[in-house]
Amino acid sequence: MDPERRGDLEEFRASTRAWLEAHCPSAMRTPARSADDDVWGGRAPVFPNEDARVWLERMAAKGWTAPTWPREYGGAGLSRDEARVLDEEQRRLGCRMALKSFGVWMLGPVLLEYGTEEQKRTFLPPTARGEIRWCQGYSEPSAGSDLASLQTRAVLDGDSYVVDGQKVWTSHADKADWMFCLVRTDAAAPKHEGISFLLIDMRSPGVSARPIRLISGASPFCEAFFDGVRVPASQLVGTLNGGWKVAKALLEHERALISKMRDAAFGEDEPLESVAKRYLGTDDGVLADALLRDRIAQAGMDSLCNSLTLRRSAETMRAGRPPGHETSMFKLYGTELNKRRFELLVEIEGYRGVGAEGSDVSAEELASTRAWLRSRANSIEGGSSEIQLNIIARRVLGLPE
Amino acid sequence: MSAGNTPVSLVLTEDQESIRRVARDYVQRSMPTTHLRALRDADDALGYAPACWSELAGLGVAGMVFPESVGGVGLGFAELGVVLEECGRTLAPTPIVSTVVLAGGAIALGGSEAQRQQWLPGVCAGERVLALAHDEGTRHARYRVATRAEPVAGGFRITGEKTFVLDGHGAEALVVVARVDGAVGDRTGLALFVVPASSPGVAVTRTPTVDSRNVARVRFDGVVVGVDAALGAPGDAADVLDRVLDRGAIALGAEMLGGALEAFERTVAYLKTRKQFGVPIGSFQALKHRAAQLFCEVELSRSVVLAALRAIDAGGPDVPVLAAAAKARTSDTFVRVAAEAIQMHGGIGVTDELDIGLFYKRAKVAAMTLGDGAHHRDRFARLHGY
Ligand SMILES: Cc1cc2nc3c(=O)[nH]c(=O)nc-3n(C[C@H](O)[C@H](O)[C@H](O)COP(=O)(O)OP(=O)(O)OC[C@H]3O[C@@H](n4cnc5c(N)ncnc54)[C@H](O)[C@@H]3O)c2cc1C
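So the protein sequences, as listed, match chains A and B. Count the first sequence with our numbering and you get residues 1 to 401, in order. Count the second sequence with our numbering and you get residues 1 to 386, in order.
Please note that the accuracy of each hint is not assured.
DSS-like cross-link-like pairs, simulated, lysine-lysine; straight-line CA separation at most 30 Å [stated by the list, open to error]:
hint, chain 1, residue 1, chain 2, residue 2
1, A, K245, A, K191
2, A, K100, A, K277
3, B, K275, B, K361
4, A, K62, A, K191
5, A, K62, A, K175
6, B, K272, A, K191
7, B, K364, A, K248
8, B, K272, A, K245
Don't read these hints as lab results, they were simulated from the structure.
Same shape as in the complex, but just chain A:
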């Protein structure tokens, strides 16, 4: 980076820090205690407290809930570097995320790329302000890894599409206002060429959603059903039957997000070794269980190496050089690492790591048990580990089909 830009960036850092210090309510600088503290926005937003509402309002007014989007669409028009600085400063201050939003993370970037001007104006600003809560209608019961075999049908009837079918694994479908949804618009075409990308208002007649219970207990994931749902044709993103390209672009954003969240999560949680010291005790300053100690060290090193690799990849892109590897690697490694971490956590806690509701285990122990079970899905959701390995083998290593 040239010195001038670096200087500007440092100025931006200073002003960002000052703004955050002045405007982030102190209650929003404490770690979130549970998913109940998350703010997802929407038509009927739920805030854990007044500070959370104020925090979202202030951040949205700055355009900092979607910092890299252009100003006219509710963003702040920040460069990648500036957005990173904003991120770093928020982390440094321990600010909670003002808004969690699939709309900001996943839909926004593809609308900016593929949406019509009208779609951008209609959907982006309220999404950035946290007034629309989105869900992702991709997977179906018979279309998981092989997503392109999806069967939910949309048939053009006048100026609307009529949608029939079922989605599954749709996070927050029961709470979302809108869904970005993949539908089949040409049953005769090869499977990748008959898919379209639709935006569907979840209040439309014929839409229903039902939550799924997981091995870890209640979950935000739902089944969603479409029964003769009418969707205005203006809510088609990209071209008719050209939805696969949009769908894939969105998946890239999702994968990048998942690995980034995993990486961030490592920073927040109590280090395994300090949990281990409490449960296992020490001998001469060394963890009393030598075998667990070795595995904890291995996990610690691997997560260090993973973070360094994420950093190197970001720096490589900033240096204007092509990244040597794909987000697939981070999705794969980050999720496998996360599973390993929780396996270890439960093993460290021993009997107290496998208690169920009604036992004498603490709330934290119960939470770690749930987190452990939940982590098993990390390497399935967002494209399974096997699918990531396929992608690396083909795209990075160039191995034959």
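Once you've looked at the hints, dock chain B with the ligand against the given chain A.
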């Protein structure tokens, strides 16, 4: 776990890229794997070619990390690491780790100005080969030093036996780790002495290793040295020793990264060309997935090696942790990659004709040298206070 506290970019600079090109050019031309084979088949006593070492020194490699005041180039480990990686790709044997990083490093970090001026210009010129005589057991152990240095009039008398001394056979002088105080295993009471190999009472035995390189067993039988042979104050050498061993681990990690990359790339190329059942074996998912996994392991190794090399240059407090992480990871990764490389090559992979076996042997020896994965996980844990 933070990503280390050295905020230096992990992307190679233009200058470092051009050092890579020069190093690659030289190594591929003058020291391809056939070079190692030739030394092995001739049962070469040194295990490296002095002519090549001179030429590398001429390119600035021997003096790369030393300041101009002792005849060095004044660059850093980030640059030396690039060279080591290239050497790793062809398994090129050089005294870089033994002479420049370990023994030379001990003199640079622990020696007086007079000692630096005595030894380092010759190192930088590629004229002097030195070795660090440290390990005594069958596995690397930092403070497991039983070799004693007893005070005598005007100096010390050193008695003990060292094993696995890299390039110890052929080194002009040895930097010996000895104990003036304390018990075996103590971090305190250690001392470093520079001992000419020709000193009365020094007995060096060549002990070739399976990777076709040389290490030596060195006996010190009441070897008398003057006080001026000591690097720093005898008894307080642990800090210097730690820094030297961390640097050695990182440098060896850079070399192993190169070896792992090369073995991996050769294997991916083979997966694309070797056909069975009428198709390239690289179309079999069982092999694809393993190759993709290895790719991730190698990329992670690259990141930690780059970070560790840069941390040395930045003088950051994170060097020890990064050294442990880098050495553990490159040791485990290189062995795994080379073992998988053999498996994916099938029968030809276990023949001497193919180079892959040479990579596997080097992987195992380099992994054990200066501590393997288990050793450095233990150290990583200690450094984190658990
Ligand atoms: C907790 C959770 C949250 C989710 N959230 C969402 C969401 O918000 N939105 C959404 O649209 N979807 C979501 N999903 C769905 C997720 O994307 C799918 O579960 C995933 O793509 C795998 O599909 P599947 O479950 O049908 O398994 P399958 O595709 O049937 O896979 C079964 C097994 O076969 C393997 N396999 C499949 N194909 C191959 C292949 N070609 N090569 C090698 N192995 C293969 C898989 O790796 C897996 O091990 C979520 C899933 C979970 C579990």
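Hints and how they fare:
1. With a C-alpha separation of about 13 Å, the suggested pair K245(A) and K191(A) falls inside the 30 Å cut-off, and the hint holds.
2. The straight-line distance between the Cα atoms of K100(A) and K277(A) is roughly 34 Å, outside the 30 Å bound, and the hint therefore fails.
3. Of the supplied pair hints, the one linking K275(B) and K361(B) holds, its CA atoms being roughly 27 Å apart against a limit of 30 Å.
4. For the suggested pair K62(A) and K191(A), the alpha carbons sit about 43 Å apart, so the restraint of at most 30 Å is broken.
5. Between K62(A) and K175(A) the alpha-carbon distance is near 26 Å, which keeps this suggested pair within the 30 Å criterion.
6. Between K272(B) and K191(A) the CA atoms are separated by roughly 28 Å; this keeps the pair inside 30 Å, and the hint holds.
7. For the given pair, K364(B) sits about 42 Å from K248(A) by alpha-carbon distance, which is inconsistent with the 30 Å threshold.
8. Taken as a hint, the K272(B) and K245(A) pair is honoured in the structure, with Cα atoms around 29 Å apart against an allowance of 30 Å.
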